[in-house]
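Participant: Now for the letters of each chain:
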Amino acid sequence: MSASETVPYGIPLDRETPFDPPAAVMALHRGAEMRRLRYHPNGDLGWLVTSHRLARKVLADPRFSARLGSPVQVPIPMPGIEAYADFEGDFPATPGMFIEMDPPDHTRLRRKLTGVFTVKRMKALEPRIERHVQDRLDALAAGPRPADLVAQFAVPVPSMMICELLGVPYERRDRFEADSRALFTIDAGAGAKEAAMNALFAFLGELAAAKRAAPTDDLLSDLAADPDLSEAEVAGMAALLLIAGHETTAKMLALGTMALLENRDQWDLLRGRPDLMAGAVEELLRYLTIIHTGLIRQVKTDFEFEGHQIKAREYVTVSVQTANRDEAHFIEPDRLDVTADAKGHLTFGHGVHQCLGQQLARMEMRIAFAGLIGRLPGLRLAVPAHEVPLVTGQSFYGVAELPVTW
Amino acid sequence: MRIRVDRERCVGAGMCVLTAADYFEQDDEDGRVVLLADEAEDCDTAIADAAALCPAGAITLR
Ligand code: HEM
Ligand code: SF4
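Going down the list, the protein sequences come from chains R and Z.
320 is the number that UniProt numbering gives to position 320 of the first sequence; each next residue is one higher, with no gaps.
14 is the number that UniProt numbering gives to position 14 of the second sequence; each next residue is one higher, with no gaps.
I should point out that these hints are in silico values taken from the structure, not numbers from a laboratory.
Every residue, glycine too, gets a C-beta built ideally from N, C-alpha and C.
Honestly, I wouldn't trust all of these hints.
To give an idea of the interface, some chain R residues facing chain Z are shown, with a C-beta separation under 7 Å as derived from the structure [claimed, not checked]: (1) R111; (2) V119; (3) V352; (4) Q354.
Using the sequences plus the hints, can you model the full thing?
Facilitator: Laid out in structure tokens, this is it:
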């Protein structure tokens, strides 16, 4: 067998079990901490990093840039991407989308928001999150059984919260939910994604203009009033927060609930021990690693890294799902144990891009899981676990529906 | 041990506050780290954890 035949082409997404990474990906991780990977659509050679140690190292090293560019490469097939094949150089960064920028551009924009997302500020939101959770639970408990936990609970709670924080009317969620879903749906098509991004910019740009004229007490008004930010930057930052801020947490809430129900001893343990909730959330984040397609970087110069010769313009995918199951860092990583020490999981990333909204996501998950367990202790799946529809075709892994009863 | 923070590197992720709230706080305005005490017992594992978990390498211990 020639060496090229042993290089995997893209990252497998199909799973054997709902909570574990694909066996094929785990096998790559066991074989080497870092290896060659061929990228779609043209088979360009790049890298795949699977260990916890190297994942941290790559994500903290500024030579691995968040600015992506030619030759266009993706670790999973993405229809329509061929349209960018002739592009030369770095793709223009979408204004305001600092997740795809490097310092100092990244620093300038991120710092406008870090004061809003501190541990203290998020703790102060506790009563508001609590209210949304209780409202949704009231509606759920009063409604028909079985119910879909995704639509009734997991999506609305974070969606309402990010809307409230930003100052986007929740009633207008039809203007952003479908568009943001298109953006993280892998096979939505490059054209559809561009249209979705333009629609989001138009919606948020209009809203920001209204807030500039008549400010209200919310983040979008503050951004709109900042003389240092262009109108496009304001719309882009708001779009980033909307997109990153609701579907991620929603996926965690539904998949996390399913994992606890399928590990009933863990659900029951949490019933009597609210003090375990903060640790349980970290363990669920680690065990479920919803960012299953990994984090992608590109290098801009040649250099040596861990004994490998990295060449300018090569792509590197950091496989967070394997890093979070790395036995060199976690004890019994393939088991869900809400009392285990999940410290150091990489589900929020690492380095300068580490999730800005993580303290909000943590508060939402703690309050939502505790609310659910407290209010509906007898909750159970309404269908056999293998009939729950899984979503592998989006940047965030999860379940499409979670039929439950109680 | 002595604790030092580099506010230029800090990205305001809050891992330090979450891990060792007696020593670290975030500035109310810009979310960047503020040191509450710069001296700690060597055996204080929370501080070592905070330094290791900081995503930006902004905390150093000596
Ligand atoms: C469980 C829920 C969440 C998960 C698993 C998650 C995961 C992540 C990850 C892995 C990154 C780093 C991406 C990279 O390095 O390329 C990230 C960045 C980001 N997240 Fe989250 N996130 C969650 C919730 C949230 C929420 C609720 C918000 C907003 C309120 C948010 C806003 C952001 C932003 C703005 C960035 C970009 C940060 C930067 O580039 O500096 N996230 N998130
Ligand atoms: S953990 Fe590091 S980056 Fe985050 S607030 Fe503390 S010092 Fe800053």
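Participant: Checked against the structure, which of the hints given earlier come out wrong?
Facilitator: none
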